[in-house]
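Protein sequence lines correspond, in order, to chains X and L. This note's numbering applies: residue 59 is where the first sequence begins, and numbers increase by one. This note's numbering applies: residue 81 is where the second sequence begins, and numbers increase by one.
Check each hint, because a few of them may be wrong.
Said to hold, decoys possible - Per the computed footprint, the stretches of chain X lying under chain L, defined by three or more beta-carbons under 8 Å from a beta-carbon of chain L, are: (1) 151 to 158; (2) 326 to 335.
Claimed, not checked - Taking beta-carbon pairs under 10 Å as the criterion, some of the chain X residues facing chain L (in silico): (3) Met59; (4) Val317; (5) Gly339; (6) Leu341.
Hint data in this document are derived by calculation from the structure and do not stem from the laboratory. Being a predicted model, the structure only gives us computed values, none of them experimental. Ideal Cβ positions, reconstructed from N, Cα and C, are used throughout, including at glycine.
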Amino acid sequence: MQQLITTVLTGLTLGMVYAAFALALVLIWRATRIVNFAQAPMAMITTYLALVLIDAGLSYWVGFAVALVSGLLLGALVERLVVRHLTGSSEINAVILTLGLFIVIHALAALVFGSRYRSFPAPFGLRGFQVGDTTIALTGFGVFTIVSVMVVMGLLVLLFRGTDLGLKMRAAAFDQEISRLLGVRVGRMLTLGWALAALVGSLSGLLIAGGGLVHPSYMDGVVVYGFVAAVLGGLESPPGAVAGGLILGLALSLVSGYVGSELVPLACLVILMAVLLVRPGGLFSHVRARRV
Amino acid sequence: MATLADRVLGRTPLRRHLTLALLGLVVVVVVLESTGQFRNAQFAAMAYYGIAAGGLTILIGLNGQISLGHGAFMAIGAYTAALLLRGDEPFALPLVLLAAAGVALAAGALVGVAAARLHGPYLAGATLALAVAVPGIPVYFGEALGGEQGLTVRVPRIPDWFADAVFFVTGQDMSSSRYLAYVGWLCLIVTFVLLANLARSRVGRTWRAVRDHEVAAELAGIDLGRARVLAFVVSATCAGLAGGLLALSARIAAPSGFTLTLSLLLLSAIVLGGLGSLTGALIGAALLTFLPQLVTGWGQDLGLSDVRAAELAPLIYGLVTVLVVLFAPAGIAGGVLAARRRRAAHHGSPSARTDSEARP
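Could you build the full structure based on these sequences and the hints that come with them?
This is how it looks when you write it as structure tokens:
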């Protein structure tokens, strides 16, 4: 019983991080029809920036803030300098482009920061809380993870539902031509969308790194799980991404706890295949499955 | 009007491909015999990268399905070969390689059936998960499949007739790495002739039709699902064969050899060469084989440590991939072809070809 609770709690915490990552992918997909596989190495770079600052003696929170801001900038830069120039809008070219970026950023990080494992601090305790005389698996950092992801999601909902800017961004993602006719600066909205997504991505990078080890490929697993979570949710819907992340986090934590951690990626593949075979557009898709 | 190329190489695609294959074989013998052991090993690597890239370029370029998981099929082929070569009485090499391709074919059929229903990012996600999932299997079944350490592969003895035949032609004794390079390039030539013919045949036209316009293809009586599954199976089979050859050349089949990076590098290789072109796949394979050493050398000259210099090669692949996708989506082979076509059009010659040529 205790093991079950432990597994479920770990799964929920992990699921929140996948959810954040999936949310970042969904933001970009809705706006530009591009799956940003480079999200993971972008988050890795910003986490390294935080680590450099923290190692230089600054407080964790300075590193945290710098990582988020640099994520924002990096997202805008990538959109302006690279993605904007993609023409032809072939699905495959877009995928290959972000994979190319994946390789570039990965290699750059290994060049600049080296590829050895470095430990990343956590701002809160990493020991489980005591309930009575048993220790449960929820740690201070776990609570921080859950809370910060919830706060970011809440802010995003507020932005998209409650502000003019959010309305413009939604319009630009929905139909570029009509929005342009209505006076929306579509280009700026797309840049802003990429920047926000990269910010959420770098948050998930910081949360994964906290109390663990950082090296140039520490986010590679997360890109797979985060992406699978987004696809489970249907790639279109932010609530779907969150639900997909939580489902995946729970399921993978159960597999890891009861079967073996080596089979976690395989379980992820099985879950994805099972869902896509029943609903090729994901769990939360509104659009009818493509039929020809 | 017969052009020079037609007269030399033969008019029908089959004859042209066979003539090119024969020419290729001659080049292979000359090159392998005139280079040392280290280069031979590199050429063996180029052969298996070429086979895997050839299969992948058919899938992505001709059929329009993306796969980020071909490293997984290579792993399946490599482990099949390693298991079959383990016993006291190892199987004959052709049987081992056929089995590696065959098991990958079965796995490809399984994945292909699921993949045929997916498109674009969904397919990319599913194959991405595949690439990450498969290397975990041998770690879980550590007893049978060697765990993290992997399985060591014994290279089978060089058959006497083969050594004798090569000695008869070249007058040189056969080393083990030269033998493997020969095996690899023979496999590559056979595979490429088959792929080139398939691409020019009814099947290849069906694939292109499905890629270009699904509705029109279905109206023309093409079964979309079947065409997709077939393309996936063909390309997975190539990857399996390539994996078997990789296990022989590396003398080991281990999970660390089949990371996500392998699948991504294969993809960038065919993009660099030019999607859908077998020539491009071969160019990409050559880049994948020879560039790292070259670039790492430059890095060391610039004063980087070995570990960091090794990262220069992926950096350049990635950069060039991004630039190619942005500015020259047809890749190197496509660029050359386009230049040739422009020149032909300029001279008003009828030899300008309309579809990309696939040659071994």
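To see whether the hints hold, each was checked on the structure:
With 6 residues bearing a CB less than 8 Å from a CB of chain L, the region 151 to 158 of chain X meets the requirement of three and the coverage assertion stands. Coverage of the region 326 to 335 of chain X by chain L holds [criterion: at least 3 residues with CB-CB distance below 8 Å; count 6]. Hint status for X/Met59 relative to chain L: violated, with the closest Cβ pair at about 26 Å, above 10 Å. A hinted interface residue such as X/Val317 counts as satisfied when its beta carbon comes closer than 10 Å to some beta carbon of chain L; here the least separation is about 8 Å, so the hint holds.
With a cut of 10 Å, the hint placing X/Gly339 at the interface with chain L holds, because the nearest CB-to-CB distance is about 8 Å. Violation of the interface hint for X/Leu341 is found here, the shortest Cβ-Cβ separation to chain L being roughly 13 Å, above the 10 Å cut-off.
Going through the hint list in order, the structure does not satisfy hints 3 and 6.
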